[in-house]
Structures are given as C-alpha cells and as structure tokens.
Amino acid sequence: MSNRTRVLTALALALAATFAAVPAANATHQGSPTTQQLVEHCVWANSCKFKPSGGMQIFNGPRQFAGSSTNCTDFNQTRVIRYEATTGTKNTFGVEISGGVKLGQIYEASIKASFQREWSWSETQADEIRQEVGPRSRVDIYVSKQQARVAGTWEMQFEDRWYGHYYWYVDGQVEGQTRGQPWDMQAEQRGANC
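Counting with mature numbering (1 follows the signal peptide of the UniProt record, and there is no 0), you get residues -27 to -1, 1 to 167 for the letters of the sequence shown.
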C-alpha cells in the first residue's frame, strides 16, 4: 500500500468516525414551533414577559369614512351629521392579545411600567357636527386616530425543555392606542349625484 493510499484511508476513517460520533441534527432537534405557538404557550411558561425595544412610536392612523350628508337643493343647508368610528389593536404575533386574555394583561403591565401610559384595546368616537352643505353637494366625514406602535420581545422561560429549549424569544410589534390619544375629524365637500 502506498503512502498516498494510507493517508487517504486514514483520512476517510477519521472523517467517518467524526460523523458517527455526532448524532444527526434531527435526532436531537424536535423541530421549531411557529411564532403563534410560542406566544400562545407563553402564558403556560414559568415566566412570560413582554419587553419593549426602543420607544413608543406615535403616528396618525388610517382615515376612516365615518358619515355623510347630501344636499340636492339649490340652496345652502346646515345639516347635523352623526358619525362613528372605531379603532382596534393588531399585532404581528398571530394570536389574540386583548384585555380579556392573560397575554393582554401582561402586555398592559409592560406598557404601563415602560411608558407610564395605559393601553386601550379599542376606542370608538361617536359625535355629531353641524355642517354647512352647499347646493347640490355632498359632505363626507372622515376621522383618524392618533395611534401607537410598540416593538418588543416576548420572553419565555419553561420549567421543562419545550422543543429542546428552556428559553424562547419572539420579536414583533403591536399597534393600537393608549388612552387619551386624540381623534382628527375632516369634512370634505364635493359635488353630489342628485
């Protein structure tokens, strides 16, 4: 047997022994839970916390059509227009996080401790305005809500390994509003189809 053959044989045996000693990844790894599964199981963990990363971002929410009035006469008219709009909360975690569930209570406590604000899961604005409506015109009422966005991490610690780990972290964000954020109302007049 030549030196070259001996070296190649020894190398092949060493390589085979290395792979035989290391268990296959699938043998020790049970797969990974989805983001939704992780956050759902957070409430059963020994420790379940939401930790905001960075500050609370304040932004104007989308405009919502809230009401209208049409004047098909040839004269200006003053109309009382009633309107109503609702905003809610959404998140990127794929689970319900609201005031009625434990995740919501954990989230609320974290927002209060981190930002000294009270989270509001849903808010409705209902009001009426007196609006001058021109002849053969329509007035549409739009409202938008100042909203808040909080990015952060759900941190979980389990007593027993879950999917091979004691600790899990899930990043994402929640959009909604804190109590007292203002609404903006706009009235837009345009020609009516009378």
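It cannot be assumed that every hint is accurate.
Below 25 Å or equal to it, Euclidean Cα-Cα: the simulated DSS-like pairs (lysine-lysine) are [what the hints assert, rightly or not]:
| # | residue 1 | residue 2 |
| --- | --- | --- |
| 1 | K22 | K85 |
| 2 | K75 | K63 |
| 3 | K22 | K75 |
| 4 | K85 | K75 |
| 5 | K85 | K63 |
| 6 | K24 | K85 |
| 7 | K63 | K24 |
| 8 | K63 | K22 |
| 9 | K75 | K24 |
Each pair of labels, with its calculated beta carbon distance range [stated by the list, open to error]:
| # | residue 1 | residue 2 | range |
| --- | --- | --- | --- |
| 10 | T8 | Q89 | 38 to 48 Å |
| 11 | D157 | E13 | 34 to 44 Å |
| 12 | R103 | C45 | 14 to 24 Å |
Source of the hints: derived by calculation from the structure; they are not laboratory data. Ideal Cβ placement from N, Cα and C applies to all residues, glycine included.
Among the hints numbered above, which are violated by the structure, and what are their numbers in rising order? Hint 10 contradicted; others consistent.
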